[in-house]
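Engineer: Sequence:
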Amino acid sequence: MILKKYCFLLFVFLCFHNIEAQKRESKSIDSVKTQKLDEVVISPFHINNRLQNTPASIGILSKKDLLQNNATDITTVINTIPGVFMQSSNFTTTRISIRGIGARTPYGTNKIRAFYGSIPLTSGNSETVIDDIDLENIGQIEVIKGPLSSIYGAGLGGAILISPQLSKANGQNASVSSVFGSFGLLKNSLNYSLNEKSSSLNISYHNLKTNGWRENSAYNREGITLAGELFRKKNNKLTYFSNYTYLKAFIPSSISKEVFENNPKLGAPTWVASKGFKEYKSTLTGLAYDFKINDHLNNSTSVFVNYKDSNEPRPFDVLRQYTFGTGGRTQFSGNFKIAKTENQFIAGIEYFTDNYNGNTFENLYKNNNGQGSLQGNQITETDQKRHFYNIFTQIRSLLSDEFEIQAGLNYNETHFELTNFLLNKTSTEKYSYDGIFSPQLSFLFKPNEERTLYFSASRGFSLPATEEMLTSTGNINPNIKPESGYNFEVGGKFYFFNKNLYTEFAIYRMEIKDLLVAKRIGDDQYEGVNAGKTFHEGIEILAKHNWLINQFFTLNSFIGASLGKYEFKDFVDSGNDYSGNKLTGVAANKVNAGIILNTSLGLYFSADFQFTDKIPLNDANSAYSDSYKIINFKTGYRFEILQNLNTNFAFGINNVTDEKYASLILPNALPVGTSSPRYYYPGLPVNYYGTVSLNYLF
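For the sequence shown, my numbering begins at 19 and goes up steadily by one.
Think of the hints as simulated: they come from the structure by calculation, not from any bench.
The model shown is predicted, which means the values in this text are computed figures rather than measured ones.
Honestly, I wouldn't trust all of these hints.
[Stated by the list, open to error] Restricting the straight-line Cα-Cα distance to at most 30 Å, the calculated cross-link-like pairs of lysine-lysine (DSSO-like) are:
1) Lys384 x Lys275
2) Lys227 x Lys403
3) Lys632 x Lys587
4) Lys499 x Lys82
5) Lys326 x Lys266
6) Lys531 x Lys403
7) Lys632 x Lys562
8) Lys82 x Lys266
9) Lys464 x Lys531
10) Lys583 x Lys652
11) Lys384 x Lys252
12) Lys562 x Lys499
13) Lys293 x Lys266
14) Lys310 x Lys448
15) Lys600 x Lys678
16) Lys531 x Lys562
17) Lys255 x Lys82
18) Lys82 x Lys299
Please construct the entire structure, taking both the sequences and the accompanying hints into account.
Structural biologist: Here it is in structure tokens:
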């Protein structure tokens, strides 16, 4: 209460001290700018760059959205998108599911493709990690829900497109910011940008630390990002971007229901005793060249390198992993006429190769005098090489002012090679999947510039991860098939009240066949089988409103809801028939809402709310996590100290009601001995943070 009192007094003092400056400089403050909601512009990789003209459900997070909370954890803002559910524990253990796709993955995110610019963030092992990229280095995030984009590989869950932050303001700009909060949270960021006629530069550094609130949960991440443009002319430009990340995160692991309810600060005993952690260095680097061939044809070509060196001491072993990926992508886009019909098209090819080396060693932590993990003799060594290519095309035909049709096709071929080194014996296996065609067809009806209705049908697929395609002996199982499914969707996007209100809805239905199940047969040992079908259907609703109350106050609000039905349609596993049961690991219903009150004086206040329904913890539906409600508050003050020097102070409270909830669950956790299954990763209790930033425009 004392802290809140002093913060309030500070805001009042600064408000009165700078009120005259605010009147003079109100145009430079991000407060009351316009009555209308801005038209949403999406990635240039799409066949058109207006969200209103896209016959698909795409969630958009702007720069302002990404920094709405404490600018350290992407989970809160990702979860504002209907149909998208991100679970997170201790920053480094996360899982993203879209419309229930990927919910049963034991650890991490798969069945979703992600890109940073034109660099794939999805490894050859089908794992996707987006947490390494600092929120302040992201210009925008787009989440394509369902296999609606043949251009991005037709993943079952969809695709996540992350746009690097590029300098937009002319001249030079420098900024520094700090975030501090509960449990030793501290984040420092530095940024410098330069934008000239023919080139631009953006370089930034960040360091994020926290002591964690559970045992063995300290976290440290630092990174540097470089992005910009060269040789920028009317018809061409070269874009470059690179991101380096170092991370060391201790892992408290999951706990049983009894521990979760009585003392959630505890970590799993073996992880605490071994001081288990994950440590890695990763680098992403890419170049993209865009040029205009003529008035009707353009090309965008990119190449990239992705490297990661990881060390993960765990109670049962020490895992060392090295991944080196390279690839390229070229895409032609343009327009042409057939009779009087205008047509736009995109066509291209993407190639990706991934070399992986994994080694396990004994963990001798029990003989290390309480000092934690100690690497012993080598147990296994595995090499994996996987390469694939996607050939894609999409066409948009404007049949009239009101009607248009879009069609797309993606063709994928994947080949991989697995080498096991065991007891001085080397065995190599090669395998490839049959080529996969994924078509997409959409119809769009647009009676005017503010109304859109669409229907879409598409097919997607998901390749097995390593643990899903192996037998218990570590060999390739040639009987494993990729998951595949058809998605049918009807939706609409509407502006009302002079574009002060934007609404959209989507109704979808998808059936997944050849469901991949990775059955756990030991510590970090799995065996994959195609076990049946799942059924996904639901409705998503989003509304955003902008209200100019008077010349001093503007109120922005949003509400998003997803109501789903995710269940096993035909699923028999180890003789158990789970057909008709609810899908494991995902909440069927989720609601998010929020308000932001801005003033012309620079003061602002925001509040957001999230409701998450109960989650089935196992395929038998014999255990559920409780539903929960999270409320967050934030208030701040933006003002100009001197000419061209702006600052922002903010204070926030997350989980105001101190709700006890599981921020991440481990699906189908197995009991160890006589102990209960460890399903639960507890979420943060009530926590506080403050931010301060300075920005100078040269």
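Engineer: Would you mind marking each hint as holding or not holding in the structure?
Structural biologist: Taking the hints in turn, this is what the structure says about them:
no.	hint	result
1	Lys384 x Lys275	holds, 27 Å
2	Lys227 x Lys403	violated, 35 Å
3	Lys632 x Lys587	holds, 20 Å
4	Lys499 x Lys82	violated, 42 Å
5	Lys326 x Lys266	holds, 13 Å
6	Lys531 x Lys403	holds, 27 Å
7	Lys632 x Lys562	holds, 27 Å
8	Lys82 x Lys266	holds, 28 Å
9	Lys464 x Lys531	violated, 34 Å
10	Lys583 x Lys652	violated, 34 Å
11	Lys384 x Lys252	violated, 65 Å
12	Lys562 x Lys499	violated, 42 Å
13	Lys293 x Lys266	holds, 12 Å
14	Lys310 x Lys448	violated, 41 Å
15	Lys600 x Lys678	holds, 24 Å
16	Lys531 x Lys562	violated, 36 Å
17	Lys255 x Lys82	holds, 27 Å
18	Lys82 x Lys299	holds, 29 Å
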